[in-house]
Amino acid sequence: MMIDEPTYSRYFESLVHGDRLTCLEIAAGLVESGTPYHVLYTHLFQRSLYAIGALWEANRISVAVEHLATAVTESVMASLYPRLLAIQNPKGKRAVISCTVNEYHQIGARMAADMLESCGWDAWFLGANTPKQDLLSLLQEKQPDLLGLSVSLSDNMPKLLELMECVRSDFPRMDLLVGGQAFRWVGADAAQSVSGATYIPSLEELIQSVCPGGSE
Amino acid sequence: MRQAGCSGPAWRYVYEQAPILYMHLASEGTIIDSNRFTSERIVGDDQDLSIHDLVVSFAAPLDLDSLRRDAEQLHLIHVVTRNGLPEAFWTQFVPSGENTLVFGSLDADETGRLRQELIGLNNRLNALTRDLQKKNHELAQLDQLKNQFLGMAAHDLRKPVGAILSYTELLVDEASEALNDEQLGFLKTIYRSTDLMRRVIDDFLDISIIESGRLELDRACTPIEEPVERSVALNRIQADKRRVRLVVESHGSPPPISMDALKVEQVLNNLIANAVEHSPTDSVVHISLGSGPDGVQVAVSDDGPGIAPGDKDRLFKPYGAGPGTKPSGAQSTGLGLVISRKIIEAHGGALWIENKPGAGATFAFRLPGHLE
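Residue numbers (the numbering used here), protein chains in the order written: chain C, 1 to 216; chain E, 1 to 372.
Hints in this document: simulated from the structure, not taken from any laboratory.
Just so it is clear, CB atoms sit at the ideal spot from N, CA and C, and this is done for glycine as well.
Sample of chain C residues with no beta-carbon within 10 Å of chain E, all distances over it, derived:
#1 MET1
#2 THR7
#3 THR42
#4 GLU141
#5 SER169
#6 GLN181
#7 THR198
#8 SER209
In silico lysine to aspartate or glutamate, DMTMM-like type, Cα no more than 25 Å apart, as pairs:
#9 C/LYS91 - E/ASP143
#10 E/LYS135 - C/ASP134
#11 C/LYS132 - C/ASP175
Chain C extracted, bound-state conformation:
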């Protein structure tokens, strides 16, 4: 099931103009008409944010518009999240998703956490700029099956690698997934330097990786 182009275009136009209510109305309408969450996240949220990013990189919109579009998308996701939680397909698996310290771009990580949730996982999302010690304490408490780390700025890559080494040493059996826009610049190999870590390039591949049967 895909999202038709007129609907996508209307959503995108509203997003560029920071029209939160229309964006929410369109996204909620799609959910009500049975659009699966993974389609909503990949073909509406992710696609529109990538398009916004491309406009920003081409100096066609200001950084303020890009920030506003991100804030609107997160707000729409927050409004629809309780309905996503109501999907009953528990897999008995737990995940923690987080950004590294100094990393303020959290929307990709949030999408990953929500997608895991739609696949029946119990996913905790720690958000942007999470101190290392806070993350390690939570891992100790929750003992998740999987830790997902997101990094958008390549400057934060050293901190990410340091954190991954720490986690690998304290939790040798925990699955470790990494992703984010920073890997576009530094390459996927950076992730492989930490033993057992897997680079996940997109939401679609995350879903394929943790939920081969697909999400709701």
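Chain E: place on chain C using the hints.
Chain E only, in chain C's frame:
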């Protein structure tokens, strides 16, 4: 924008494009010229506006002469913008004969810090909102599970407790001659305790059904007097023991309405029994019936101590009042009013308290008048 006084590309840029504050002021402060940025953002179409009308002055008013004397100095001023929010500008007041030229720029560092802070706060808010939503969902699931267990336990206990109650009653009736007073006392204690247990189980079963959204009404068109009369008859013995009179007052003749008469009777039993419990000896409990365009209304009033203001809301929260002992010493689960309100709400009606602390309480409910 007003008439430009200068020409050349630099001035044209300042007039047409630059995001800077520029105003040309007459000697007393009236704005006689401004660039596009200032016109659109601050001045608007107002004629004869003065700088004094625009600048936010918390203490002394703007002193133009003093600012002109310090022409090289940057002064922080706050200007009311057309969107209603004041904005901070670093400004210079440059003398031009008797007039003054005002140049100003927004504090870019401050705006940047503000934006960064807003992004950080928004991130935090979103993460916390998600966390809260997830916890709410977990709590709702736990609550559902609790109701399920409560319902199962109550249902399974009801039968054996009923058997104990029946056989104890039988023993008290049939074998009392063969027992001495002490043994008979034991049996009566068993009976009273088991009866309390049965009422607790009934309350738990009711609340688990209500909270899981499975409350079903067996409606029929019934005059409100019927459940009222049955309930008054049931509570009369207890009322007589406490020397409390039950007085039914009917205002007009309420029409029969669609209701589950047994469930409405359960509500009335609860309200009348509570009123009797909290009434002083030799007092009256009034049960008044009336009808209006909204339906039928019943009010049960007592002369007891009333309800403390802080307790009013707790009475209607499941387990909010907690188990307790009534004035007569009888045990209570504290669920009766919660169940009563839910039953009335399931009928589309409302149940409320009209309270006078220290001078009695009135519990009233209204049932919508759907005639069948």
